[in-house]
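Visitor: As given, the protein sequences belong to chains A and B, one line each in that order.
Counting in our numbering, the first sequence runs from 2 upward without gaps.
Counting in our numbering, the second sequence runs from 371 upward without gaps.
In case anyone wonders, no lab produced these hints; they're calculated from the structure.
Be a bit skeptical, because a hint or two may be false.
Stated by the list, open to error - Heads up, simulated EDC-like pairs for lysine to aspartate or glutamate below, C-alpha to C-alpha not over 16 Å straight-line:
no., chain 1, residue 1, chain 2, residue 2
1, B, Lys429, B, Glu467
2, A, Lys335, A, Asp320
3, A, Lys91, B, Asp402
4, B, Lys816, A, Glu146
5, B, Lys816, A, Asp94
6, B, Lys454, A, Asp94
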Amino acid sequence: MAQTVRIEIPATGRVVEIPTGLFINNEFVSSVDSQERIEVINPATEETICSVVAGSKEDIDVAVAAARAAYSTTWGKNVTGFERSRLLNKLADLMERDMQVLAEVESLNNGKPVKIARDFDIGDSIQCLRYYAGWADKIVGQTIEVDNRTKMAFTRHEPIGVCGQIIPWNYPINMWAWKVAPALACGCTIVMKPSELTPLTALMLSKLIAEAGFPPGVVNTVPSLGPIGGAALSHHMDVDKVAFTGSTLTGRKIMEAAAKSNLKKACHIREVSLELGGKSPHIIFESANLDQAANWACLGILYNTGQDCTAGSRLYVQDTIYDKFLALLVDKAKQLVIGDGFDEKSGGGPVVSKAQYDKIWSYIESGKSHGARLVLGGEKRRGKGFFVDPTIFTDVTPDMRIVRDEIFGPVLSVGRFKTEEEAISLANDTSYGLGAGLHSTDANQCMRVSSALEAGTVWINQYNILGNNIPFGGKKQSGIGRELGSYALKEYTEVKAVHWNFGEQADWPL
Amino acid sequence: MPTVFTHEFNTPVYKGKVSFNTGLFINGQFVDGSDRTTIDVVNPTNGEVITSVSEGTPKDVDLAVDAAERAFETTWGLNCPGNKRGLLLNKLASLMEEHTEELAALEALDNGKAFNMARNGDLVLAIDCIRYYAGWSDKITGRVIETSEDKFNYTRHEPIGVVGQIIPWNFPLLMFVWKIGPALATGNTIVLKPSEFTPLTAIRMCQLVQEAGFPAGVLNVVTGYGNTVGNAIASHMRIHKVAFTGSTLVGRKVMEAAAKSNLKNITLELGGKSPNIIFDDADLEQAVNWAAFGIYFNHGQCCCAGSRIFVQEGVYDEFLKRFTEKSRSIKVGDPFAPDTFQGPQVSQIQYDRIMGYIDSGKKEGAKVHIGGERHGSDGYYIQPTIFTDSNPDMRIVQEEIFGPVSVVIKFKDEEDVVRQANDTLYGLAAAVFTKDMSRAITTAHKLKAGTLWVNCYNQLNSNVPFGGFKQSGMGRECGEYALNNYTEVKAVHVNLRMKM
């Protein structure tokens, strides 16, 4: 039943064996009822890397059944926190062992530079697994005093059960770790649907799950199309919770499906993990260290070629420093080399797919046609590969599409403001609320503005740096719930209150 | 130059060779004590010297504090992020796993406990403990506290700095990791004194700590005597916290020294005279087995040993009969024999003290039901001993014996036994055996002890707190609670727009 393909990575000559089947009960299998395949494309060359099995609704059923069986027998309340911790640490060790090859496949499939995939995406993911390994034996409830003579109460923080997890294509390995680690630490079992654009590393990581010694059925991986696999998971009556990262549009559908099916934990507002889009504001005050602020601003919109839910895609610069800052910004943005992920010089890769490429260009055209001024970029490259160069618009107005909609590419809109109040007002004028950044050396201003910004993460004098132990998530339509930190544990545990009567007598009749 | 201890183990349960430097471990180096004197390490199965180790002096404590301070200010403390501290602790745990058998053998040789116990009990728990605290390292969080919109209030849980740790000889390695685990996880640097009776595993662990990659000066181990090195640590003006496990008698001295020097923070884990209560409706077979485990485990050298066994009158005779039978079946013998449960007591001093208590029991009129004599002719072995017909003010009922000696006492009802059980200066642990869960809980809640076992005994977990009420100590080890012993809370008030 082994399903693998051997591919050669052109730049390094390395030959990698990649599993291409569905990963269910620790084995790679074919679909039960479908011959469909998913073509996996290299965005730097537009060529097909390989194809993998496309999961169907029936395959999701099989995976959920496997996850349920594991939950009732070898996982869930049948495994100790210490054992879950040990296995997660082992998985981290294996990921570390395979860092380089995972990075190369990540780059091949997603386009991001190999060194960034290895040192950041995978480095952070390994630490994420270790971080949650440390929580596995620390899931505590409370004992609660009721009446010392007759009764006591306590809570148990039990695993939610079988979790459906749907992850995006912008940080395939990192998003996989963010989902898998806390769920497993808490004792849940998983049916994971990786993005159909970037399923390869999820399949390689599934192989490590088996190697680490997780019992069969604890983690199952079903690459499939969103409307098929994703929908099946969200509607499934035997899935206790769904966690989704992706577009706000799809997030709505997931939440609807959850409500219509079994009221799974995607509709109790506090329980859902929906990590959705953003149009994050990035504010530069006049007292800021301009050189540093410009560096962070570039990082904010150009990191991962702008394919980041927290991308600082709306920049607001105080008018007293506007011209000076803009010049700095344009100069620095020009220095980023966007190219093939295997080229040492590349600081950014192509965008992930044709669909994304076309979408980003339609926004650039819209910006041009609505009268925004282009100060950088705006010219399509010739040749193969979905390469989009850094693009900066100025003279924008709040109603422009490029200012309101999430573009998900290296396209920045720059506006100006006079007062702090104006900056805050402009920043909060969005239905999103994921990230926000501000640069200022006035400490009181930093406190006031960070307090006023409507976002789940606010960066002061920094941007886009996350920590495995710091929670992450959005306000408003950027999502529900928090990932990372101790907060993620809440997403995967259910509280049971136990009332233990040892002395209270019931009177009857009343 | 410090002695290199080389030993070949050729036993039914373990064959292997060890060879390591037995100096003091200061600033990442193994060194002689400043007086160039040594301490003999004695084999409790035969009274012979195994090896000698370097002896530390108060001057060596100063050097260790210097190294620990430097490390705290540069390579450790908050200069080393939590996840990195966690990585190093996990690495240490992996090395302990690799060297499990060797460590267990050293422990058995030095302390006298059965190799199998050390290997399957002490080592397993110890590795667990280090991994548990590795996981806490990057999770030491403070709080953000709402006061008003004019202010921003938060707390930081900061490491204390240089901490002193003094550990006993009954579980040398386990006590070592109970101390260093939470202290290192929270970012402190350490000056640790192992017991002069059982320094070998502590010294070997220093090599593993070095191999794991901890920066020099983070952990320093100064072997020496209580009234020199121990006292120097407890009185040191630049050590801001001392954690001590040992006798109540010495615990007082540590507290006094802390008060007289710099009012350093203290945690104490001291003695006990823990009651084990068997009700009429207990599962008698199980109660007998657990009671035996409760007093004979580690040869009775457990601060939480169930040394006063209270049996309800309805089952007293049957319990005593079965418990006696069980006690006779305890295998006393060489730590390296495969079926040994009880090895020798750790030292001549302990042997004499226990035999002294047995004599006092006899003299004060209690009845020796079984045992009461030396076991064999070599080493510090004592027979499993049961006293009956005691009264509450006898020394064998009030004082901690720390050997395989129990007193079995008859009781009438719940009220009677709770009163008797609580009639002690100590309050470390207690156990209740009954099938009636309501009674189990109400009784358990009435007993003044830090650990309550219901239908079991001597159960420890790295994530469940352990510590005593009353003169059994202050503070808790294990679990999240231990972190409080090694952090100092700083509250920060940031003014946003208040005007004076």
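Visitor: Now tell me if each hint is right for this structure.
Guide: How the hints compare with the structure:
For the suggested pair B/Lys429 and B/Glu467, the alpha carbons sit about 35 Å apart, so the restraint of at most 16 Å is broken. The hinted pair formed by A/Lys335 and A/Asp320 fails the criterion: a straight-line CA distance of about 23 Å is larger than 16 Å. Restraint check for A/Lys91 and B/Asp402: the C-alpha separation of about 40 Å exceeds 16 Å, so the hint is violated. For a cut-off of 16 Å, the pair hint linking B/Lys816 to A/Glu146 stands: about 15 Å separates their Cα positions.
Pair hint B/Lys816 plus A/Asp94 does not hold up; C-alpha atoms about 47 Å apart against a cutoff of 16 Å. Simply put, B/Lys454 and A/Asp94 have alpha-carbon atoms about 15 Å apart, close enough for the 16 Å limit, and the pair holds.
The structure is inconsistent with the numbered hints 1, 2, 3 and 5, although it conforms to all the rest.
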